[in-house]
Amino acid sequence: MTLSSLDPSLALPPDPSLVQLLTPDGRRVTHPDYADGLSADDVRGLYRDLVLSRRIDAEGTALTRQGELGLWAPLVGQEAAQVGAGRAMRPQDMAFPTYREHGLAWTRGVDPVSLLGLFRGGDHGGWDPAEHGFALYAIVLGAQTLHAVGYAMGAVRDGAVGREDGTAVLACFGDGASSQGDVNEALVWAGVQRSPVVFLCQNNQWGISTPTSAQTRTPLYHRAEGFGFPGVRVDGNDVLATYAVVRDALDRARRGDGPTLVEAWTYRVGPHTTSDDPGRYRPADEVESWRARDPLARVRLLLEREGTGPEFFAEVDAEADDLAARIRKACVEMPDPDPLEAFDHVFVEQTPELVRQRDEHAAYLAGFDA
Amino acid sequence: MTLSSLDPSLALPPDPSLVQLLTPDGRRVTHPDYADGLSADDVRGLYRDLVLSRRIDAEGTALTRQGELGLWAPLVGQEAAQVGAGRAMRPQDMAFPTYREHGLAWTRGVDPVSLLGLFRGGDHGGWDPAEHGFALYAIVLGAQTLHAVGYAMGAVRDGAVGREDGTAVLACFGDGASSQGDVNEALVWAGVQRSPVVFLCQNNQWGISTPTSAQTRTPLYHRAEGFGFPGVRVDGNDVLATYAVVRDALDRARRGDGPTLVEAWTYRVGPHTTSDDPGRYRPADEVESWRARDPLARVRLLLEREGTGPEFFAEVDAEADDLAARIRKACVEMPDPDPLEAFDHVFVEQTPELVRQRDEHAAYLAGFDA
Amino acid sequence: MTAVATEVATGTVTLAKALNLGLDAALAADPRVVLMGEDIGQLGGVFRVTDGLQERYGADRVVDTPLGESGIVGTAIGLAMRGYRPVCEIQFDGFVYPAFDQIVSQLAKLHFRSRGRVRMPVTIRIPYGGGIGAVEHHSESPEAYFVHTAGLKVVSCATPADAHVMVQQAVASDDPVVLLEPKRRYWDKGELTPVQESLWQARVVRPGTDCTLLAYGPMVRTCLDAATASELDLEVVDLRSLSPLDLDTVVQSVRRTGRCVVVHEASRTLGTGAELAARLTEELFYELEAPVLRVTGFDLPYPPARMEEHHLPDLDRVLHAVDRAMGF
Amino acid sequence: MTAVATEVATGTVTLAKALNLGLDAALAADPRVVLMGEDIGQLGGVFRVTDGLQERYGADRVVDTPLGESGIVGTAIGLAMRGYRPVCEIQFDGFVYPAFDQIVSQLAKLHFRSRGRVRMPVTIRIPYGGGIGAVEHHSESPEAYFVHTAGLKVVSCATPADAHVMVQQAVASDDPVVLLEPKRRYWDKGELTPVQESLWQARVVRPGTDCTLLAYGPMVRTCLDAATASELDLEVVDLRSLSPLDLDTVVQSVRRTGRCVVVHEASRTLGTGAELAARLTEELFYELEAPVLRVTGFDLPYPPARMEEHHLPDLDRVLHAVDRAMGF
Ligand SMILES: Cc1ncc(C[n+]2csc(CCOP(=O)(O)OP(=O)(O)O)c2C)c(N)n1
Ligand SMILES: Cc1ncc(C[n+]2csc(CCOP(=O)(O)OP(=O)(O)O)c2C)c(N)n1
Ligand SMILES: [Mg+2]
Ligand SMILES: [Mg+2]
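Chains as they are written, first to last, in this note's numbering: chain A, 277 to 646; chain B, 277 to 646; chain C, 3 to 330; chain D, 3 to 330.
There's no promise every hint is true.
Residues from chain D shown here face chain A by an in silico Cβ test under 8 Å; the list is partial [unchecked claim]:
| id | residue |
| --- | --- |
| 1 | 68 |
| 2 | 96 |
| 3 | 135 |
| 4 | 137 |
| 5 | 305 |
| 6 | 307 |
These are calculated hints, taken from the structure and not from any lab test.
Using N, Cα and C, we set each Cβ at its ideal position, and we do this for glycine too.
Could you build all of it, start to finish, from the sequences and the hints given here?
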């Protein structure tokens, strides 16, 4: 027996059952089970989301290089998986993201500026989860998938599940996180309770330096069957297919037909984070081969072929420039956190000990002024 | 959407793919993939194991009623699953049991008396795991399955895997424990490393009061596929089938062909433990229907039909009586643990603090004598 | 914070039954209270603390979960995000560790992380402690892990009256509360008398002048027994809340007596006694007549049941420590 | 206990490199040493502590694991049962909690449970502490959880020389050792001088007469800086081992100075400072001139990075506490 199990060359080949509606060269293809049903306007909307998501991400990376952020987790390459899934959601739905869901956040109406605080070190998440149907970012791998199932249990108890306009929950995780106990417990719970949860696994082929082949030898979407619900693999670089597959799964969920595992087959084109050096563990030609499957290019090709003129693309680019400028400005102007305020956020009902520690620290700080 | 997921009436029906070689009425049947290949003598040996295992168990329950043990976890009903699996193991193999594996312990040559200390409160496990290829009992559900995979990683590194006489590992867990993160992480690790591990899930239909239908809506053995290795369901009340299926899986493992999940379909005829009151949660007729599938009766029917005379059965019964008497005697004579010795077992390299605490306690105890 | 029933049923009940009545009241008071745990439904929990509640409130509100503690706490967090007030039962102390990440990294932090936007009114009930002759993992005292964790509140009840009210207060709290239930006292009986204290207050359960015995949960009765047996005039304080600590009450008591012995079942090193000793010495440096002494479980993994009478503090060991304190 | 190389490479190296050299030596010394963790192979770990080791010793001995901490520690336990000496890397402090059950209920107990038959020579390496401006879960100080757990040994290194030797001693120990690596000091440089102490001994790193500063890991340098800046004559003790505590060395120091300030990044309540304060007061009740004071992280979940300069003890806060101690 050899111990080659962790050899990255074992990377899984794309499954023939990969759902695709738009080829890398921008041609629509049909699928027996899925259709996006989107108008040309809708597709333009998705294109805009893709461009803006990529731009938000580029700003994150740039601001880190400039020392304005401590870290950034780039989404580049995964725009279609996130935009497709996010646009498939309805306002009443709730998403539980990882730390890389900037495109999904965009579709949920979260101001990109409020994503920065976490990476700048100003806060641990600057948006209101309830307002946007978008939970705080989660860093401990997989923990959020159980929160998603619990939230779904609440939706069921509220009577908000079991009809066409019901509520569904999106639980995000990565190929690497699929190995965590919590993710698998979430699959157990969702399976047995038929929870209205769509598990969205963005298989971007890597978990930092660990290839997906070190997490599993069978396609990840197969995992679902063993927990009693369907799994499907979609071309995560195809925004139309991701949209169609996730919408279908969310609609099943909201109707009360139980969970689905959607594996979005995509690629982390950038480093794991701005602190990472992927050159140490993966070949450049792998990255190049995935760039050829770029999620934005194919939508643009489609739109151009179907008659969208250059003004539209120029408009979107201009909007991206404005957004980028706004993000940059807001970032550098972001105030540092008030050191004393933190003591008041530990509990709803404040404790004497924290009051004491806060007061002591206030007095200590005051000593420097004196 | 209804919330009926936890309704015990959803208990899964036996799967048609259940492997069986001996019917409840004692007739041999053939199976396309499995044959036990056992001689009449071998079957008599298994019958003896079944009877003695049941007797060990009965003594455990009786000693608890008499106040000699604090608790007992009865195996009654699961003798075939354990004896079949245990006899399929080879001396070089290692088993990682739960807390109910008294029949498996018997097949590994563990003196039944040494099982009692844990339940009597004299120790946490009285046998040497290395000597018997049988780890200590594990109470925290599922934790031991990861130990099994780690042990198997060691066997691989020792060069003890990848040949006909290689080493294989048996990892036991229950239907209830299948929901724990650790069990699923063990499946991940074993799958990706093609570890020489056979996961033996004794699905005895209940985890205390929780029916298997509250852990999964799909047969448990299906879980394996999603982790990249085969699963099989065997009639766990059929010692011949369990033997054949587990032997086959262990041999695959020792040859280096990777893990298997064996779901032994069986029933916990007794209470969860001697403290449990199953009358509160399960119908008596369910128990009765399973008694009709008794794992011992069918072997006896087979042996009788094939010519084994009454002397043999009388001999086995006499041996069981002797064993029971020996267990009882050893139990009541078991000395209480030395309170000071415990301080010396925390570490290999003793610490000054523990010496201090031991000495203080010794002095304190001496104060009573003075 | 939802209302807590102040009226109580009368009569003498066991501590387990008092908890049962308290949970019943909590379920009745607020439709968003959901109980979840292993075997808590038809079986009523292995200690019968939830007996009859599933029948009364249905399987959606008294939920038999799959067997996974991380799943129990993790989904409770999600339920809380949706506006529910989950009450998790961990079957035994030794089985809380698989849920540790969800408790320490998620539950304890979410209010802080969200700057108060996300509330976590989750109660985690844990039958804890030894003394019942159980097999391993069934007698642990994990309180120090939770007390050290910023963002959690930790309380323990010692009597049926407190159990009845404290469980309701814990459920009504908008912060996450770990409620440690002294399992060896589940069968102790007492009146359900009204409780004056808030959930976070300690109580002097026996006034005295010579030395203060500080205890909580199962050790309160042990200390009361010791005080009764002693020829000295011992004061016994039931801490009730371990986090936050009601330092005022404790300091006042020790200021009066000048001496203090802390008693708990958990291991000595970094058990809650360490914090109490450190704090009391800071506050009463010139007033203490003796160092704060500790009577605790040893620094052993919980030993086999037939050794637990040695491991667990009892009346004699408490009095032995009092003698040492008086000797300073 | 396998041999520890006493000869050391010469020259000035970073603490991270010292660990790397120590692990290299441990792998070379004993073929049963196996490193396991997330991204420790080709990447060399996110801090490059295992850089080059997979290349040198192969993927069977430097194992890139699936991403699951319970799996890492759980399989390490199994490997130890088969006679190996696994060294687990937990990528960051905040990710150790999913492995908590395996560490606390399994690893810490197996030698005791088996009455010494099963040995657990497992090392768990954890880069810990704050001060590097990281996002949440990357700056935690979880040591108190492990120090409170009977059956674990817990050590922390503060200098390259110690890092180099202590990691080898930890790997060579037949008991489970949690090695806490001060990640903000990974880039500190120092000579790999020989180390006299055993793994369990504290060291007076700066003698002084007025007050003892007790620290470990990242705070040793902070205390040395404070001592240098102070006009008082401060003694600095590097605890090195948190469990077992080298109480002899600590007591001797505080007996000499009469005053003590304990400094750590972990939250105050039930942080290791609590145990030290309790023990020192027990041992030196009549000799202490002031109560043992603590300078620690506040009782907050670890705050956002731009607040950490407030949260973490620094030179000024240490000296402020020394002033308070001198004021008694
Ligand atoms: C419990 C836990 N362990 C380790 C880490 C450190 N870590 C952060 S991201 C990451 C890789 C995750 O890979 P994947 O799930 O595929 O997500 P991706 O980063 O590719 O989006 C690791 C190991 C963590 N955040 N949480
Ligand atoms: C982590 C953990 N949680 C809870 C328990 C309490 N407990 C002991 S046995 C049991 C049921 C286990 O059911 P199953 O895995 O089917 O095994 P069986 O008892 O049927 O053999 C439970 C919940 C435990 N031992 N460990
Ligand atoms: Mg990934
Ligand atoms: Mg079962």
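Failing hints, ascending?
none
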